[in-house]
Amino acid sequence: MEKHTKVTIDSTNPHVTVLRGEKSKKQLKGIKSRKKPFNRNVNPALFTLPREGSKYSDFEDLHKLWKSHAKAQLWTLPGELNISSHSEFQRVLSKMEYQGSKIQVLSSKCPTVVNHSGIVLLETRETFKIISEDNQIRTLPKRDSVFLLKIGNIHLKIFGKHLTIRPAERSIKKIKNFMDIN
Amino acid sequence: MPAPSNNKKSKAFAGRESFHRMNYLYQASMMVASKNKHLSCFYGKLCNNISKKTVLRLHPDIKRSLCKKCGLALKPGITARLDLHPENETLFQVECSQCGFKKNFVINEEYNFWLDNPESVVEVIGDGETGKKKDVTVL
Numbered sequence: 001m002e003k004h005t006k007v008t009i010d011s012t013n014p015h016v017t018v019l020r021g022e023k024s025k026k027q028l029k030g031i032k033s034r035k036k037p038f039n040r041n042v043n044p045a046l047f048t049l050p051r052e053g054s055k056y057s058d059f060e061d062l063h064k065l066w067k068s069h070a071k072a073q074l075w076t077l078p079g080e081l082n083i084s085s086h087s088e089f090q091r092v093l094s095k096m097e098y099q100g101s102k103i104q105v106l107s108s109k110c111p112t113v114v115n116h117s118g119i120v121l122l123e124t125r126e127t128f129k130i131i132s133e134d135n136q137i138r139t140l141p142k143r144d145s146v147f148l149l150k151i152g153n154i155h156l157k158i159f160g161k162h163l164t165i166r167p168a169e170r171s172i173k174k175i176k177n178f179m180d181i182n
Numbered sequence: 001m002p003a004p005s006n007n008k009k010s011k012a013f014a015g016r017e018s019f020h021r022m023n024y025l026y027q028a029s030m031m032v033a034s035k036n037k038h039l040s041c042f043y044g045k046l047c048n049n050i051s052k053k054t055v056l057r058l059h060p061d062i063k064r065s066l067c068k069k070c071g072l073a074l075k076p077g078i079t080a081r082l083d084l085h086p087e088n089e090t091l092f093q094v095e096c097s098q099c100g101f102k103k104n105f106v107i108n109e110e111y112n113f114w115l116d117n118p119e120s121v122v123e124v125i126g127d128g129e130t131g132k133k134k135d136v137t138v139l
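In the order they appear, the protein sequences are chains A and B. For the first sequence, this note's numbering begins at 1 and goes up steadily by one. For the second sequence, this note's numbering begins at 1 and goes up steadily by one.
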C-alpha cells in the first residue's frame, strides 16, 4: 500500500471544507482487513475474454449443438410442441441454456447496443457476451433490453429483466407468471 | 423422451431440464477446449455448479474428465498431461494445462465402479420405440 502523505490545498471557496492530516492507525487497520487475500480456487482468467482475436466461424459448431439442445427441451415429441399450458412453456424456457444461442437486440435503454446480433459466448448475472460476425466481442446488458430469439420457426421475444439471475441459480428458482408485463 | 400415452411418467422424471442443460454444457466445454480455454473452463464450472445446486449427481467418468479446480475439459495431449507419479508408481497423475492442478488416481485392475454393476439400476425411464433410455441409478 502507498503511504499517506500530507497534502496542502488552498481552498478559496468557503463552502468547501477539506479535512487535513493522515489517517490514524485504527482507520488504516480497518482498510487492510477489508482487503481479501487472493483466492486460489477462483480462476482469475474466468470472466475475461479478449475483445478481439477470436473468430466467429469457430463458434458456429457451438450454435449447431445448441439447436439440438433447444429442440430436445421444447419438443418432447417430434413435430409436437408441448405448448399445452403456457406456464409450462415458460418454465422450460427459463431453465434453458442460452450460451450458444443466436440473439438480436430489439430495443434497449443503451442506444449503441440496439440491432447487434451474434452468438452468446458467456452469461453472467447482468450481461450477455456475444461475438458478432465482424469477429468482435460485445457485452449486452440484460436489464432494460429486449432480445429476439429464434428456435426453428418460432420467434421469441425475451425481456432481459427476467433473466437477471446467476446462470447456475436459474435452474432452481421457481418463476411466477411472466405475462404480467406492461 | 417420454411417450405420448404415459404423460404421468414424464412428469415423474425430476430434473429433466437440468440434466439436459448439464449434458449440453459438458459437450460444449469438450468442443470448445481446443479453441478457447477460458470458455471451456466456464462451461465446465457451470456444469458442476448446477449439479451442486439442484442436487443431481454427475457420473464419475464425467466428473473426472473436468478439472476439479478450474473446470477445464481434460483432453489428454491437448489440455492435459498424463504421467506416472514421480515417486509412487502405483499412482498416475493428470495435470491440467490451464491451472496446473494435479490429481492422482490409484492404478488397480480389480477396482470397479458401483455404477457398472447391473444391480445399481433402480428404474429405467424412457420409451422402447426409439431405443433411447435414461437410467436412474443410486449413487
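Don't read these hints as lab results, they were simulated from the structure. One thing to keep in mind: the hints can contain errors.
With a cut-off of at most 30 Å between alpha-carbon atoms, the simulated BS3-like pairs for lysine-lysine come out as follows [said to hold, decoys possible]:
(1) A/LYS71 to B/LYS52
(2) A/LYS173 to A/LYS71
(3) A/LYS64 to B/LYS103
(4) B/LYS53 to A/LYS55
(5) A/LYS173 to A/LYS129
(6) B/LYS52 to B/LYS103
(7) A/LYS129 to B/LYS52
(8) B/LYS103 to A/LYS173
(9) B/LYS35 to B/LYS52
Covered, in the sense of this in silico footprint (three residues per stretch, anywhere, with C-beta under 8 Å from a C-beta of chain B), are these stretches of chain A [what the hints assert, rightly or not]:
(10) 95-104
(11) 168-175
All values reported here derive from a predicted model rather than from experimental measurement. We put the beta carbon where it would ideally sit given N, CA and C, even for glycine.
Here is what the structure says about each hint:
1. Proposed proximity of A/LYS71 and B/LYS52 is supported: the alpha carbons are some 25 Å apart, at most 30 Å.
2. With a C-alpha separation of about 22 Å, the suggested pair A/LYS173 and A/LYS71 falls inside the 30 Å cut-off, and the hint holds.
3. For the hint pairing A/LYS64 with B/LYS103, the CA-to-CA distance comes to about 33 Å; that exceeds 30 Å, so the pair is violated.
4. Our distance criterion of 30 Å between C-alpha atoms is broken by B/LYS53 and A/LYS55, whose separation comes to about 33 Å.
5. In summary, the hint linking A/LYS173 to A/LYS129 is supported, as the alpha carbons are separated by about 23 Å, within the 30 Å threshold.
6. Distance check on the hinted pair: B/LYS52 and B/LYS103 sit about 21 Å apart at the alpha-carbon level, within 30 Å; holds.
7. The straight-line distance between the Cα atoms of A/LYS129 and B/LYS52 is roughly 25 Å, inside the 30 Å bound, and the hint therefore holds.
8. For the given pair, B/LYS103 sits about 34 Å from A/LYS173 by alpha-carbon distance, which is inconsistent with the 30 Å threshold.
9. With a CA separation close to 27 Å, the supplied pair B/LYS35 and B/LYS52 stays within the 30 Å bound.
10. Only residues whose C-beta sits within less than 8 Å of a C-beta in chain B count toward coverage, and the segment 95-104 of chain A has 5 of them, enough to reach three; the restraint holds.
11. Remark: the segment 168-175 of chain A is confirmed as covered by chain B, as 4 of its residues place a Cβ nearer than 8 Å to a Cβ of that chain, reaching the required three.
In this structure, the earlier hints numbered 3, 4 and 8 are contradicted, and the remaining ones agree with it.
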